[in-house]
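**Q** This is what each chain is made of:
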Amino acid sequence: MGLLTNILFFPVTGPVAGIKWSLNKVLQVAEEELTDDTPIKQELMELQMQLELGDVDDEEYRRREAEIMARLREVRDWRERFGKSVPGGPVRVGRADDEA
Amino acid sequence: MTEPQTQGTEPLHVPLEGGKYVYCIIRSERQKEFGGIGIGGGQRVYTVHHNDLAAVVSDTPIVIYDPTRENVLAHEFVNETVMKEHTVIPMSFGTVFRSEDDVMELLRSTYQAFSEVLEKMQDKIEFGLKVLWDRDKVVASLEQDNEEIRRLKDEISRHTSTSTYFARMQLGRLVESSLEETSQSYVADIHEFLKSVAVASRSNKPIGDRMILNAAFLVDRAQEGAFDERVKEISRKYEDILTFKYSGPWPPYNFVNIKLKLERAD
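If you read the protein sequences in the order shown, they are chains A and B. First residue of the first sequence: 1, per the working numbering; consecutive thereafter. First residue of the second sequence: 1001, per the working numbering; consecutive thereafter.
Simulated from the structure, these hints should not be mistaken for lab results. Some hints could be false.
Below are the DMTMM-like pairs computed for lysine to aspartate or glutamate, each with C-alpha atoms no more than 25 Å apart in a straight line [as the list claims (entries may be wrong)]:
| id | chain 1 | residue 1 | chain 2 | residue 2 |
| --- | --- | --- | --- | --- |
| 1 | B | Lys1245 | B | Glu1229 |
| 2 | B | Lys1232 | A | Asp37 |
| 3 | A | Lys41 | B | Glu1229 |
| 4 | B | Lys1259 | A | Asp37 |
Isolated chain B, as found in the complex (with noise of 0.2 Å):
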C-alpha cells in the first residue's frame, strides 16, 4: 500500500512550539525525569510543580492527537510507568495546553479536587475486565437443557402447515430472553465472586454484540495478587462457555471523574 503515512496528528491552522501534553497528576515536591517515552516520538517526559501536586507531561506542538493505536499506547505507557511508583489521576487523551503557566494554572485552580481524589485514589489500580460468548455454542446448550424449547423445535420439525409459524415465533422469543437470563446469571456471579476482593467496580457498554460484560474493578495494591487469583479461578470455572479478556493494572480511569473546566485556547 502506498497511502502517505499519517503520522497521527492534525495541525492547527499555526502550528507553534511550546505546548505540553498532559498525562496525570501525582503528588510530588521534587522535580521528576521518566524519560525519553513521550507522545509524538519519545519526547522526554517529565513533571510541571505546583506546591507538593505535579502535572507529568511532554513537549508538544500545540497539535490535536488522533486517537490512532500508537498515540493511545503512549499516552498508556507513560501512565503505567508513572503509576509503578506514584498514585495518578490520569488526564484523558489528547489534552495539550499551551505553556507551562496553563498548566500550572490548572493545578492551582484545581488543587483541592485533585488532592481530594489522590488521597481517596492512594494506592488503588484499576483492572479491566471483558467478558466474550459465543452465542451459537450457548445457544445450542439451551436447546439441549430447556425442554420448552427442545418440545417447540420438535414441533416445528413434524410439521410443515402454518401453524408452525407461530411456534417459530414463540421459539424466536423464548431463544431470545433464555439468553438474556442466562448472559445476566453469568455477569451477576462474575461479579458476586470478585466483589471480596475489589472496592468498587463499574460496568461500561459491552463493545460489539459477542461482549456479555464490560466492566472497571477498583482493587487496592495490596490486593492485586488476590485478585487476579480470583479472575483466574472464575475464568477457569466458565472456560468452555466464556472468553475473559483481563487487562491492567491501569490508572482508575473508570473512578476518577473530575470535571475539569476547560476552554479552547487558540
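For reference, chain A alone in the conformation it holds in the complex (with noise of 0.2 Å):
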C-alpha cells in the first residue's frame, strides 16, 4: 500500500511541491531584485564618471540620468511596499522606548 500511493501519488506531490519551492524562491530573489538599488546606483555612478572624462554630452546624461531616477523611484516604491527602509524623505532620532 505505502509503495502504491508513492507509486501513485508520486507523479502529482512531487512536481507540485518543487513548484511551491521554486515560487517562493522566485518571489524571493524578486523581492531582493525588486527593491535592491545598489546596481542602480552604481549606473548612476558611471554615467557621472563618463560625464567627468566627456564621453557623455550633457544632453545624454540628462536623458539617462531621467531614466535612472525613474528607476530608483520605483525600487523606492516597492521597498514601502516590501516594508523595508526607504532612503531619503523625513526622518526623525529613534526613540528610546521605540527599541525592544
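Using the supplied hints, reconstruct the complex from the two chains, each of which is provided in its own coordinate frame.
**A** Here it is, written out as C-alpha cells:
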C-alpha cells in the first residue's frame, strides 16, 4: 500500500512540491531584485564618471539620468510595499522607548 | 525633447512645509548665515543650535530628493562653503527632518559622538583620487615587454592547427594576470608616494572597467599644498599610461562613520 501510494502520488506530489518551492524562491529573488538599488546607484556613478571624462554630453547625460531616477523611484516604491526602509524622506531620531 | 521637466523631488502624499534639510554638523555657538545657496532652488542656509553644536540647514517641503546632478551639486556646494570656515561632519545626501525640534533632538541625542568626531576631524579635509588606464595601451606594452607573451603570440601566428587553442588560452590567462599585477603595482606605488602627506586613505570600489583606483585621502589642512604637489608629481610620472582625476577638498565623507539611529517620520 505504501509503495503503491508513493507510485500513485509521486507524479502528483513531486512536481507540485517542486513548483511551490521554486515559486517561493522566485518570489524571494524577485523581492530582492525589486528592492535593491545598488546596481542602479552603480550605474549612476558610472554615468557621472563618463560625463566627467567627456564620454557623454550634457543632453545624453540628462536623458540617462532621468531614466535612472525613474528606476530609483520604482525601487523606492517596492521597498515601501515590502516594508523595507527607504532612503531619503523625513526622518527623526529613534526614541529610546521605541527599541525593544 | 519635450518630456516634462522633473523637479528632482518626489512629493510624499501630503507635502508639508516646515521641513529642514540638513547638510552638515559644525561647532558654533553663534547663529550663522551662509546665503541663498540651499537645495531646491537657492533656499536660505542657516544654523540650528544645541549648546556649542550647530546643524547647517535650509527650509524644505517634506519631499524625497532624487540624487540628480543638480541636487547633489547643491548639497556639495553648501558643504564646500561651510568648510571654508569650519570643520564639518557631512550628513548623507537627502536627509530631511520634519521640524527644527527634530533637528535639535538629533544634536542633543548624538552630542557626544558629534563632539568626538569634530575633535578628530579638526582641520582635516578629504581629497578624491581616481585613476584610470587605457587597457589596450597597457596590453600593447605588455606584449612588447613580456617575453613569454611575445613567444605565445608568435607561436599562435605561426601555426594554424588546433594546438594553438591551448596557446590562446594560455595567452589569455597570462595577459589577464599580468594586467592584474601591473595595476596592483601602480596602485601600490601611488599609495606609497602619497602616504607621507596624508593622515589616512581609503580605497573604494572602482567605477566602470577603466578605473584601477578609486581612493579618498584624509589630509591635514596645513598639508594641502604638499599633497597637491605630490599628486601632480605622481601624475606626471604616469602621464603616458594613466589618467588622474583629482578632486576636493571635500568634507571627510569617507572618514566619518556615525551610525545615526534615524527612523521614518510620517
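**Q** So, for every hint listed, does it hold in this structure?
**A** Structure-based check of all given hints:
no. : hint                  : result
1   : B:Lys1245 / B:Glu1229 : 14 Å, holds
2   : B:Lys1232 / A:Asp37   : 36 Å, violated
3   : A:Lys41 / B:Glu1229   : 33 Å, violated
4   : B:Lys1259 / A:Asp37   : 20 Å, holds
This entry does not satisfy hints 2, 3, going by the numbered hints stated previously.
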